[in-house]
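J.: If you count the sequence shown from 1, position 144 lands on 144 in full-length UniProt numbering, and the numbers rise without skipping.
Treat the hints with care, since some could be wrong.
[Unchecked claim] Label pairs and their computed distance ranges (CB to CB):
#	residue 1	residue 2	range
1	257	75	26 to 32 angstroms
2	68	188	37 to 43 angstroms
3	252	71	38 to 44 angstroms
4	145	207	29 to 35 angstroms
These are calculated hints, taken from the structure and not from any lab test.
For clarity, every value in this text was computed on a predicted model and none was experimentally measured.
In this text, a Cβ means the ideal position worked out from N, Cα and C, and glycines have one as well.
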Amino acid sequence: MARRQGSRSAAEPSQHKSWSRHDDKSMYQIQSVINALSILEQVAGYAEGMTVDRLRKELGLTNDAVLRLIATLERRGYLELDRLTNHYRLSLQTLNLSQTFIRQSTLFHHARPIIEELSRECGETVYIAVFRDRQSVYLQQAETRHSVRVVSRFGSQLPAYGSAGGKVLLAGMAAEALEAYLKDTELVAYTPATITDRQALESHLRQVASQGFAVNEEDLESGVCGVAAPIRNHTRQVVAAAVISAPTIRVSPQRLHDELVPLVRAAADQISSRLGYNPVSREEG
Numbered sequence: 001m002a003r004r005q006g007s008r009s010a011a012e013p014s015q016h017k018s019w020s021r022h023d024d025k026s027m028y029q030i031q032s033v034i035n036a037l038s039i040l041e042q043v044a045g046y047a048e049g050m051t052v053d054r055l056r057k058e059l060g061l062t063n064d065a066v067l068r069l070i071a072t073l074e075r076r077g078y079l080e081l082d083r084l085t086n087h088y089r090l091s092l093q094t095l096n097l098s099q100t101f102i103r104q105s106t107l108f109h110h111a112r113p114i115i116e117e118l119s120r121e122c123g124e125t126v127y128i129a130v131f132r133d134r135q136s137v138y139l140q141q142a143e144t145r146h147s148v149r150v151v152s153r154f155g156s157q158l159p160a161y162g163s164a165g166g167k168v169l170l171a172g173m174a175a176e177a178l179e180a181y182l183k184d185t186e187l188v189a190y191t192p193a194t195i196t197d198r199q200a201l202e203s204h205l206r207q208v209a210s211q212g213f214a215v216n217e218e219d220l221e222s223g224v225c226g227v228a229a230p231i232r233n234h235t236r237q238v239v240a241a242a243v244i245s246a247p248t249i250r251v252s253p254q255r256l257h258d259e260l261v262p263l264v265r266a267a268a269d270q271i272s273s274r275l276g277y278n279p280v281s282r283e284e285g
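With the hints as extra help, turn the sequences into a complete structure.
T.: So, in structure tokens, the structure goes:
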């Protein structure tokens with residue numbers, strides 16, 4: 001029987017489905033997609049990559065399921081096999097996605113010219129760091145031309161509690177989020193300067209929040225220092241950190257505090273302003 005024009009079968013999906021803030025999006029999740037993304041996340045966590053057997057054990061999937069997912073990801077260019085070790089690693093396609101994210105991000109669009117100017121002015125490498133999975137992650141950088149310099153690749157991760165950028169990001173967290181971080185994070189000593197006592201770290205983070213910057217004086221690696229300041233958006237939320245990183249052979253503690261701290265704070269304020277942050281109106285409101 002012909003259906004009257006304009007009517008719709010109950011089983012026929014809407015052609016104009018849109019999300020509302022009240023939708024339960026968990027209803028629309030696809031387990032195979034979740035599993036494929038889990039493989040990418042697992043492989044990304046190991047510099048040497050992972051074997052099929054290790055992925056199977058980590059994810060609790062059958063060998064056949066892992067092989068089919070890997071075959072799909074490999075064919076699409078997101079994984080590649082090191083035939084000498086039989087380890088799967090992320091391929092260049094994942095880097096292409098990361099670079100697209102950078103190009104599309106309002107934060108990085110506004111930050112780029114400012115950190116390039118900051119790097120020229122201070123003569124050191126400058127980064128934009130964000131907080132992900134308990135780590136301070138470098139997602140944008142402007143490198144110095146000095147032959148001796150601090151070099152970190154795109155996506156490098158540092159323990160948040162031991163890096164200048166990470167301390168700024170932790171200091172800007174809501175109390176509940178910081179509590180969860182401290183509860184789940186083992187404070188390991190990387191150098192004698194690393195803060196490994198929880199109460200001492202909490203006190204230090206309160207100081208960072210109060211003064212508006214953080215300093216790293218060989219906290220994670222001997223011979224490396226840095227300063228960072230918070231980048232805020234229009235809601236006053238700390239969304240990233242501007243970081244200057246340098247070798248101690250060129251940057252003394254005095255230069256770190258007297259010269260680099262004011263420079264990184266000014267740059268972070270410029271980026272924040274472009275993101276709509278207005279401290280004056282907030283204070284008056």
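J.: State for each hint whether it applies.
T.: Hints and how they fare:
no.: 1; hint: 257 / 75: 26 to 32 angstroms; verdict: violated (53 angstroms)
no.: 2; hint: 68 / 188: 37 to 43 angstroms; verdict: holds (38 angstroms)
no.: 3; hint: 252 / 71: 38 to 44 angstroms; verdict: violated (55 angstroms)
no.: 4; hint: 145 / 207: 29 to 35 angstroms; verdict: holds (34 angstroms)
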